[in-house]
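Dock chain B against the given chain A, drawing on the hints supplied.
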Amino acid sequence: MGPMHLISRRKFVALTATGVAVAPLTSMARTIGGGITAQEIVERIQKNIGIEGQSDTVAPFKAGDPKTIVRGIATTALPSLDVLGAAVKAGANMIVTCEPTFYSKADSPTPPVRRIPGMMAPNDAPSTPAPPDPVFTAKADFLKKHNLVVVRLADQWRQQKSDPFAQGLASVCGWSKFTAPADPSHLTIPETSLDALVSHVKKSLKCRGGMRIVGDPNLRIRKVAFLPGSTPIQAAIQTLPGVDVIIAGEVREWETVEYVRDTVALGGKKSLVLVGRIVSEDPGMQFCAQWLKKIVPEIASTWVPAGDPYWRPML
Amino acid sequence: MSVLTAGEVVARIKKNLGFPWRATTYRDTFKFGGPDTVVKGIATTMFCTYDAIRRASEQGCNMIIPHEDTYWNDRDDIEIVNRDPSYKLKTDFMRKHDIVVFRMHDHMHAQKPDFTYVGCARALGLESRYETAPQSHHFILPETTLGELAATFQKRIGDRAIRVVGDPKAKVKHVRLGVGYATPSINNPDIDVVVSGEQQESDGFLDSPAYVLDDTALGIPKGWIMLGHNVSEEQGMLEMAQWIKSFTPEVPVQLVRSGEPFWVPKSVSLDE
Numbered sequence: 001m002g003p004m005h006l007i008s009r010r011k012f013v014a015l016t017a018t019g020v021a022v023a024p025l026t027s028m029a030r031t032i033g034g035g036i037t038a039q040e041i042v043e044r045i046q047k048n049i050g051i052e053g054q055s056d057t058v059a060p061f062k063a064g065d066p067k068t069i070v071r072g073i074a075t076t077a078l079p080s081l082d083v084l085g086a087a088v089k090a091g092a093n094m095i096v097t098c099e100p101t102f103y104s105k106a107d108s109p110t111p112p113v114r115r116i117p118g119m120m121a122p123n124d125a126p127s128t129p130a131p132p133d134p135v136f137t138a139k140a141d142f143l144k145k146h147n148l149v150v151v152r153l154a155d156q157w158r159q160q161k162s163d164p165f166a167q168g169l170a171s172v173c174g175w176s177k178f179t180a181p182a183d184p185s186h187l188t189i190p191e192t193s194l195d196a197l198v199s200h201v202k203k204s205l206k207c208r209g210g211m212r213i214v215g216d217p218n219l220r221i222r223k224v225a226f227l228p229g230s231t232p233i234q235a236a237i238q239t240l241p242g243v244d245v246i247i248a249g250e251v252r253e254w255e256t257v258e259y260v261r262d263t264v265a266l267g268g269k270k271s272l273v274l275v276g277r278i279v280s281e282d283p284g285m286q287f288c289a290q291w292l293k294k295i296v297p298e299i300a301s302t303w304v305p306a307g308d309p310y311w312r313p314m315l
Numbered sequence: 001m002s003v004l005t006a007g008e009v010v011a012r013i014k015k016n017l018g019f020p021w022r023a024t025t026y027r028d029t030f031k032f033g034g035p036d037t038v039v040k041g042i043a044t045t046m047f048c049t050y051d052a053i054r055r056a057s058e059q060g061c062n063m064i065i066p067h068e069d070t071y072w073n074d075r076d077d078i079e080i081v082n083r084d085p086s087y088k089l090k091t092d093f094m095r096k097h098d099i100v101v102f103r104m105h106d107h108m109h110a111q112k113p114d115f116t117y118v119g120c121a122r123a124l125g126l127e128s129r130y131e132t133a134p135q136s137h138h139f140i141l142p143e144t145t146l147g148e149l150a151a152t153f154q155k156r157i158g159d160r161a162i163r164v165v166g167d168p169k170a171k172v173k174h175v176r177l178g179v180g181y182a183t184p185s186i187n188n189p190d191i192d193v194v195v196s197g198e199q200q201e202s203d204g205f206l207d208s209p210a211y212v213l214d215d216t217a218l219g220i221p222k223g224w225i226m227l228g229h230n231v232s233e234e235q236g237m238l239e240m241a242q243w244i245k246s247f248t249p250e251v252p253v254q255l256v257r258s259g260e261p262f263w264v265p266k267s268v269s270l271d272e
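Top to bottom, those sequences are chains A and B.
Residues in the first sequence are numbered consecutively from 1, following our numbering.
Residues in the second sequence are numbered consecutively from 1, following our numbering.
Extracted from the complex, chain B is given alone in its bound form:
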């Protein structure tokens, strides 16, 4: 029986991408362990949380392929975090359980199609027959209200901490899907609703909450739906797991969900 190393898994990822590896990426690199680690099983996950690593390890997966960072900052700069007790506990666990972490972010978004969009559209029920062109991320839906749309998305994707700005009664049909922090601008006149993961609330390039509040005051039907970063991009890690499995038949490959991090207070009523 031949032995599969993490380095060989990464080599197969690079070979199967369909475009050259971008060597300048600081994101898509080993975050713990290295190419020589022997892989017993592979788990994809959205955030490389301690809990996801632990569950993956319990299920026999010691190679973690997360979409996001491991050490709570995008560059995984350990200088920022290495004096914190959680850093030591997390890395101690990984060392003890022979974990290897290789992040797939920039190359995942560059893939055709980008699985983060595929997965999110699938989970939200945004069927391809509604999309103006393949991977346009622009969906023309039967007319509904912002309130109905948000409630439907919440039920389908199981999102506790969904946040919406705009008049719930606004009539909408043009939906533009974004994922993670790649949140499209809300002031596109062809778009009624932007759905995405996360975006800074104010003082950025185009502050959508403030813009939609003023749309609402002016009676312009617009909506902004934030699913949360984890919820919006986690779905596509299923497609990522299936893709990796297609060229690593020697080991089990599965999605281990990091899951939504939040809970919310009960009974949030619009009339409060």
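Here chain A stands alone, though its shape is the one from the complex:
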């Protein structure tokens, strides 16, 4: 067993230790006639976000029966098998996730047709079904075995006026008091160096190997912007002139990374900290669990961190 297992087991222990509230709340739910279904929770989420009736570009239910009575909710940025295992241990049977369950935007429990760049045979029609895949199968089996309902909450959660992913990041960095009144993605923090900021962010977000930085480590930083998730060059062009550092999840390297590198080389006092897409979304889903406790008070909502998927060898 590798370190990843050790980490998830440690995560696991921490979770079951902090998840003590689950048991009493679960029994409380039983006292309410019939309990609440996953469908009712989704409706309540949509109503409280205030975008009722609008179609999500991401259909909510990815696994399980919407009529399932929910005993507990686990939120996460990414429903990996380790995360699902921890959620089950915590007593949750509904998962609210930001990223897909089945490894693609399509989020289908069967694998997409294999694509090898430049190697596709001309007669290899894209409609040819892919052979069974042991990882897809194992995950579908796990969901079925534990009667889990998986709901994806990505676009609707992100598109709120006050970006909950930015609020989550500000909160875990201890910077909530430094956010702009109307925009949690813009902050003015006590002056520090880029190097010190990187250490602080790394520790706060529990980054492992996914962090990458562009800019002078000695650069003085006061103005910070968060670009959580995955963002295009337009977002960076709009944001960078007004700040000292952008802390982003994922960008295209030929776009934002090279834009910041050129700006620095041309004398701009600017920098970019990439933490990874999933790491940048983890705190926003912690914030989601806190929010769900308010709108679904009958049952427990617990955040299960997905963590940094990356490591790097030490030179």
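Honestly, the hints are just simulated from the structure, not real lab data.
The reader is advised that the hints may include incorrect statements.
Below, simulated DSSO-like cross-link-like pairs (lysine-lysine); rule was C-alpha separation at most 30 Å, straight line [unchecked claim]: (1) A:LYS269 x B:LYS40; (2) A:LYS206 x B:LYS171; (3) A:LYS206 x B:LYS266; (4) A:LYS223 x B:LYS266; (5) A:LYS269 x B:LYS96; (6) A:LYS223 x B:LYS88; (7) A:LYS269 x B:LYS266; (8) A:LYS203 x B:LYS88; (9) B:LYS40 x B:LYS245; (10) B:LYS169 x A:LYS203; (11) A:LYS269 x B:LYS245; (12) B:LYS169 x A:LYS206; (13) A:LYS177 x B:LYS266; (14) A:LYS206 x B:LYS155; (15) A:LYS89 x B:LYS169; (16) A:LYS269 x A:LYS206; (17) A:LYS145 x A:LYS293; (18) B:LYS155 x A:LYS203.
Positioned in the frame of chain A, the structure of chain B alone reads:
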């Protein structure tokens, strides 16, 4: 002494490719200057960064042949960037130093062999004796662990910001090389490790980080090694420079490295 123009260099590139030029490409076009610019020297580079242009110019090269974009978006659509101060400073520099930029991307990947793969395999030490067939990009190595493999690649290619997903102790031997954003799917049962430049982390066609995390949970030996876009494709710009030199004997031709853009925090330990 005859004068070599950028247009003549491009004509010789087209003539020497060995296949017809694809006129529909939006990538492989002039990005700054034009065919009439007189060429004093040629520099190939991976990303057409300001710093690479400046160093090329200082070394007497005013024709830049990059693999990637100049204006921070793939289509080099200047409408997206032309109100930004960095755009003005970069183009002012190019104008002042009589720079001409002609991108070689689509045709470089269509060449046989594709120099991006040749260069990356060379730099990683993936020798052709390990490749299942010429340019299959599938290497069968003596069995090692994912941790050893990643560390070896990092040392050989000098990659600070390499990122790896998977159990470092996973036993692996089948490596599939990708380059840039052309990252092969990780769920091929014949492949243990995918090595490439860059790929979106989630919500794409097949999300490899999530897939490998679950492989790891299930005890299936898989690994995903991201070298970074620049590091993975820059190596082949050496082969590109050598190839261009073979038909432009009048001027110096060299690789000017744009280099890895990132630094990383110190002491990244697996046990943190």
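Tell me, in ascending order, the numbers of any earlier hints that this structure violates.
-> 1, 8 and 11
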